[in-house]
Amino acid sequence: MHDQKTVAIVGGSGYAGGEFLRLALNHPHLNVTQVTSERNAGTPVSMVHPNLRGRTNLKFRRAAELDEADIIVLALPHGSAAKKISEYEARGKIIVDLSADFRLKDPEVYRATYGEDHPTPDKLGEWVYGNPELHREDLRGATRIACAGCFATSVILALYPLLKLGVLLPKDIIATGLVGSSAAGASASDSSHHPERAGSLRVYKPVGHRHTAEAQQELPGHFPLHLTAISTPRVRGILTTAQAWIPDGYSDRDVWSAYREVYGAEPFIRIVKVAKGIHRYPDPMLLDGTNYCDIGFEMDQDTGRVVLMSAIDNLVKGTAGHAIQSLNIALDWPETTGLEFAGLHPA
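What the sequence shown shows, in this note's numbering, is residues 38 to 384, in sequence order.
Be aware that one or more of the hints could be misleading.
Claimed, not checked - Listed next, the in silico DSS-like pairs over lysine-lysine satisfying Cα-Cα at most 30 Å (straight line): (1) LYS242 x LYS313; (2) LYS201 x LYS142; (3) LYS130 x LYS120.
Don't read these hints as lab results, they were simulated from the structure.
Please model the complete structure; the sequences and the hints are all you need to start from.
Rendered as structure tokens:
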């Protein structure tokens, strides 16, 4: 096709890079020409990502062998992309970073969050935060896209309309995320060892979650935000519940109206508000492989407490899917291109 763009994925043996590759192979305007992995150089991509058998004949190569491409996708461990960003910029016009290296705009916030100075603080202002629902206009024509964190995405999308329209009180909001194991990446660890992980519900970050900083950066207003993350036996998915408070005189109709006003035209936001049945609230099981974010809520009218619920696939809407969505916007392609999969039921 005359409008195809070549794509190189750096660090494509991990879950994020592999998921981007899966989506890109089904995208009519993207032509993946290179995938790098230091550990798997020379190995067919389908040996590491067996779901892609018969879909690609690519073999992994070393990053030092990276050729020029229209789009460079960086799926590297935290800190790696920023240290070599000039090298990648020399090889591609559009850079998409799936890590946290360029999400935060303030170098001081970055230092406080990650415990070290940013390697290239002068470049932070060049990057657009890759959350299409908040930054669609900024993404048009963008050449530097810093994709949002998965837990941050689920928190931001649940809270944004209500904070923007003043439906929530500017007081403490407490959000808890039930997170699938793939969010920890493809590298094995003691906590991901099967006998330790299987069947476990383990609190792994009760306070100080790093995605708090980007959620506070992106959400309107100044209020205390507290995140807690809990690992679950599921492989994919995040279910976030956020406890917040609405002003006196407000009702669930105001909450519903705020979501409809802000998200009414969003192609990948679905408001789940069903009166009966077992699927009354968002469930990440229904979203495996999809780019949807399902949002629901329930309100205690007596106290003014509202429980906001959001569900995503952390590898798609939380990572590779919103990267593709952001690229579609940046390159003026239909926003849903390559992201039409509706999910499975039962799964």
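Checking against the hints above, which ones are violated? Hint 1 contradicted; others consistent.
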